[in-house]
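> Chains as they are written, first to last, in our numbering: chain Y, 6 to 166; chain V, 327 to 631.
Be aware that one or more of the hints could be misleading.
As the list claims (entries may be wrong) - Calculated cross-link-like contacts (lysine to any residue; reagent style SDA-like; alpha-carbon spacing at most 20 Å): (1) Y:46 with V:412; (2) Y:60 with V:417; (3) Y:145 with V:358; (4) Y:161 with V:417; (5) Y:31 with V:403; (6) Y:31 with V:426; (7) Y:9 with V:426; (8) Y:145 with V:402; (9) Y:60 with V:418; (10) Y:60 with V:425; (11) Y:145 with V:398; (12) Y:46 with Y:101; (13) Y:31 with V:402; (14) Y:145 with V:375; (15) Y:161 with V:426; (16) Y:161 with V:416; (17) Y:9 with V:399; (18) Y:60 with V:416; (19) Y:161 with V:418; (20) Y:46 with V:399.
Claimed, not checked - To spell it out: a stretch of chain Y is covered by chain V in this simulated footprint if at least three of its residues, at any positions, have a beta carbon under 8 Å from a beta carbon of chain V; those stretches are: (21) 8-17; (22) 24-35; (23) 41-54; (24) 110-124; (25) 143-154.
Hint data in this document are derived by calculation from the structure and do not stem from the laboratory. We put the CB at the ideal spot given by N, CA and C, even for glycine.
Given next are the chains, with one letter for each unit.
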Amino acid sequence: MTVKDYNNAVREYGDHVYRFVYRSIKDRHRAADIVQDTYEKLWLCVTEIEYEAVKAWLFTTAYNRMIDVIRKDSRLISIESYDDTSIFAAENDSDLNEVLHYALERLPGVQRSVILLRDYEGYQYREIASITGLTEHQVKTYIFRGRVALRNYLVKTSVWQ
Amino acid sequence: MNDDIIYPHLTPLNDRYPKQGDLYRSAGDLTAEQFDLLAAAWAENALSDEGLAEIEAMFAIDKLKEIYAGSFRQLRLIPCDDRLEGLNGLLQTTPAIRNIRRVFVIVLASAAIFFTLFTLKPLVNKQVTLTAPVTLPEVAVISDAVEPAAHDISNKMEEAVSASTALAVKEKSKALYPPDRELTARISPVTMIAAAETPVLLSGTTSRELRPVSFNVITAAPDIPDNENWIIRGISRLSKTPAKERKPIDAYVVASAFIKGINSVLGSEMALDKTLNKKGELVAVSFSSSLLSIKAPVKKNSPRL
Chain Y
6 MTVKDYNNAV
16 REYGDHVYRF
26 VYRSIKDRHR
36 AADIVQDTYE
46 KLWLCVTEIE
56 YEAVKAWLFT
66 TAYNRMIDVI
76 RKDSRLISIE
86 SYDDTSIFAA
96 ENDSDLNEVL
106 HYALERLPGV
116 QRSVILLRDY
126 EGYQYREIAS
136 ITGLTEHQVK
146 TYIFRGRVAL
156 RNYLVKTSVW
166 Q
Chain V
327 MNDDIIYPHL
337 TPLNDRYPKQ
347 GDLYRSAGDL
357 TAEQFDLLAA
367 AWAENALSDE
377 GLAEIEAMFA
387 IDKLKEIYAG
397 SFRQLRLIPC
407 DDRLEGLNGL
417 LQTTPAIRNI
427 RRVFVIVLAS
437 AAIFFTLFTL
447 KPLVNKQVTL
457 TAPVTLPEVA
467 VISDAVEPAA
477 HDISNKMEEA
487 VSASTALAVK
497 EKSKALYPPD
507 RELTARISPV
517 TMIAAAETPV
527 LLSGTTSREL
537 RPVSFNVITA
547 APDIPDNENW
557 IIRGISRLSK
567 TPAKERKPID
577 AYVVASAFIK
587 GINSVLGSEM
597 ALDKTLNKKG
607 ELVAVSFSSS
617 LLSIKAPVKK
627 NSPRL
């Protein structure tokens with residue numbers, strides 16, 4: 006990959022990687038740091054990576070970096086720590102996409118990540134498995150369970166009857 | 327004895343599960359959670375042919391289940407407009423672009439410096455012209471007025487003081503700057519300013535004892551030859567120090583210094599020598615190195631090296 010390809014990768018995928026990380030950890034600063042680290046790593050091995058594979062490489066590296074950050078940071082809000090008041094606050098939200106994103110934050114980290122990769126980037130199960138280091142079967146299970154949880158949340162918050 | 331005694335083994339009995347049909351399940355037996363997972367997979371188009379046949383069979387029985395499963399298709403996240411601030415900061419520049427930028431910056435800075443110097447040059451010259459003759463002689467007048475206030479001085483006294491002051495200044499100017507020195511331009515402002523000086527009256531002395539205070543000698547600005555570099559001229563004028571005497575550049579000295587520099591950098595042993603005649607004139611220049619040795623005569627009409 007040339008410097009030009011690297012810059013293209015920044016322009017083309019920078020926002021995508023950031024969006025994926027930000028929606029996964031819900032922290033803008035940390036997400037920006039992770040994206041920056043990811044591109045720093047890419048720059049260090051820029052000649053070894055083909056441009057065709059750079060998108061998957063970026064998501065894989067960002068995902069792994071994100072997992073490291075989550076493990077190190079105990080303050081990260083987990084699904085169990087959400088209180089009910091925040092859930093009720095979204096009851097009147099009529100925008101389905103916003104409610105879905107709100108519900109997404111309540112999913113376990115892995116489910117959240119695989120659903121984001123699936124919906125945001127349109128990756129196949131096999132590609133998601135490659136990025137996250139899971140098996141294809143695990144990816145499917147996480148996605149299906151995540152969908153069910155999202156639906157249950159919508160029903161619970163009376164957005165869906 | 328036979329082999330059965332030596333190698334005994336179990337033979338399956340004819341035990342059978344009482345009601346084998348109880349183990350069979352139909353699609354209708356799935357729990358709600360199981361059906362949800364199946365419906366989610368169906369909405370993702372991830373079911374195998376067998377699984378697809380089963381769920382379609384269920385839909386055929388209950389249409390509501392198909393509507394229910396269809397609702398999973400709506401559970402798709404649409405990307406939000408999240409943008410990374412400072413994304414351009416991640417961009418890298420190629421060496422060629424970096425060099426072009428450097429050259430551009432240097433050219434721009436040089437242009438700015440030259441522009442500043444050219445803009446300030448007239449101002450500097452003007453300042454030098456203005457600052458040179460500003461050292462004016464101090465003129466003091468001593469009178470016998472008891473009170474130094476201006477109320478006691480009559481018009482006549484003022485006229486006398488002005489006239490005497492002007493006279494004294496003129497005489498002093500003539501003494502300091504004879505006409506042959508062509509310092510008229512520098513003296514004339516002195517005369518004018520001295521005439522406008524306010525007399526200082528000191529008590530205890532008579533007005534007849536008016537006497538001028540000694541003049542400060544005005545030193546002329548150093549003459550700088552017009553063919554001098556204008557930057558050096560400007561700096562020397564600003565610092566009011568005379569510029570060094572200009573000497574013609576000796577090409578031999580420059581060349582030998584250049585060769586010495588190369589020798590020190592590369593570690594080579596090159597040398598440049600000149601041959602002089604008895605009068606001390608340059609006759610020939612010789613260059614010698616480990617690989618090459620040249621001696622070139624210098625023509626008399628050629629420019630001096």
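> Now tell me, hint by hint, if it's right for this structure.
Right, here's what the structure says about each hint:
Of the supplied pair hints, the one linking residue 46 (chain Y) and residue 412 (chain V) holds, its CA atoms being roughly 18 Å apart against a limit of 20 Å. Under the criterion of a C-alpha separation no larger than 20 Å, the hint pairing residue 60 (chain Y) with residue 417 (chain V) is consistent with the structure, at around 16 Å. For the given pair, residue 145 (chain Y) sits about 19 Å from residue 358 (chain V) by alpha-carbon distance, which is consistent with the 20 Å threshold. With a C-alpha separation of about 45 Å, the suggested pair residue 161 (chain Y) and residue 417 (chain V) falls outside the 20 Å cut-off, and the hint is violated.
A hinted pair counts as satisfied when its Cα atoms are at most 20 Å apart, and residue 31 (chain Y) with residue 403 (chain V) qualifies at roughly 15 Å. About 41 Å separates the Cα atoms of residue 31 (chain Y) and residue 426 (chain V), which puts this hinted pair outside 20 Å; it is violated. This hinted pair checks out: residue 9 (chain Y) and residue 426 (chain V) have alpha carbons roughly 16 Å apart, not beyond 20 Å. At roughly 15 Å between alpha-carbon atoms, residue 145 (chain Y) and residue 402 (chain V) fall within 20 Å of each other, so this suggested pair holds.
Our distance criterion of 20 Å between C-alpha atoms is met by residue 60 (chain Y) and residue 418 (chain V), whose separation comes to about 18 Å. Only pairs whose Cα atoms come within 20 Å are accepted, and residue 60 (chain Y) paired with residue 425 (chain V) is rejected, the gap being roughly 30 Å. Of the pairs offered as hints, the one joining residue 145 (chain Y) and residue 398 (chain V) holds, with about 15 Å between alpha carbons and a cut-off of 20 Å not exceeded. Between the alpha carbons of residue 46 (chain Y) and residue 101 (chain Y) the distance comes to roughly 37 Å, so the proposed pair goes past 20 Å and is violated.
Among the hinted pairs, residue 31 (chain Y) with residue 402 (chain V) is consistent with the structure: their alpha-carbon atoms are about 19 Å apart, no more than 20 Å. For the given pair, residue 145 (chain Y) sits about 16 Å from residue 375 (chain V) by alpha-carbon distance, which is consistent with the 20 Å threshold. Distance check on the hinted pair: residue 161 (chain Y) and residue 426 (chain V) sit about 61 Å apart at the alpha-carbon level, beyond 20 Å; violated. A hinted pair counts as satisfied when its Cα atoms are at most 20 Å apart, and residue 161 (chain Y) with residue 416 (chain V) does not qualify at roughly 43 Å.
Annotation: proposed proximity of residue 9 (chain Y) to residue 399 (chain V) is violated, straight-line Cα distance about 39 Å (limit 20 Å). Under the criterion of a C-alpha separation no larger than 20 Å, the hint pairing residue 60 (chain Y) with residue 416 (chain V) is consistent with the structure, at around 16 Å. In summary, the hint linking residue 161 (chain Y) to residue 418 (chain V) is not supported, as the alpha carbons are separated by about 49 Å, beyond the 20 Å threshold. At most 20 Å may separate the alpha-carbon atoms for a hinted pair to count; residue 46 (chain Y) and residue 399 (chain V) exceed this at roughly 37 Å.
A stretch counts as covered by a chain when three or more of its residues have a beta carbon under 8 Å from one of that chain; for the segment 8-17 of chain Y and chain V the count is 6, and the coverage holds. Residue count for the segment 24-35 of chain Y with a Cβ under 8 Å from a Cβ of chain V: 3. That meets the three needed, and the coverage hint holds. Residues of the segment 41-54 of chain Y with a Cβ under 8 Å from some Cβ of chain V number 3, which satisfies the need for three, so the listed coverage holds. Here's how the segment 110-124 of chain Y fares: 3 of its residues keep a CB closer than 8 Å to some CB of chain V, so the rule of at least three is met and the hint holds.
Check on the segment 143-154 of chain Y: 6 of its residues sit with their Cβ under 8 Å from a Cβ of chain V, so the three-residue criterion for coverage holds.
Of the numbered hints given earlier, the model fails hints 4, 6, 10, 12, 15, 16, 17, 19, 20; all others are met.
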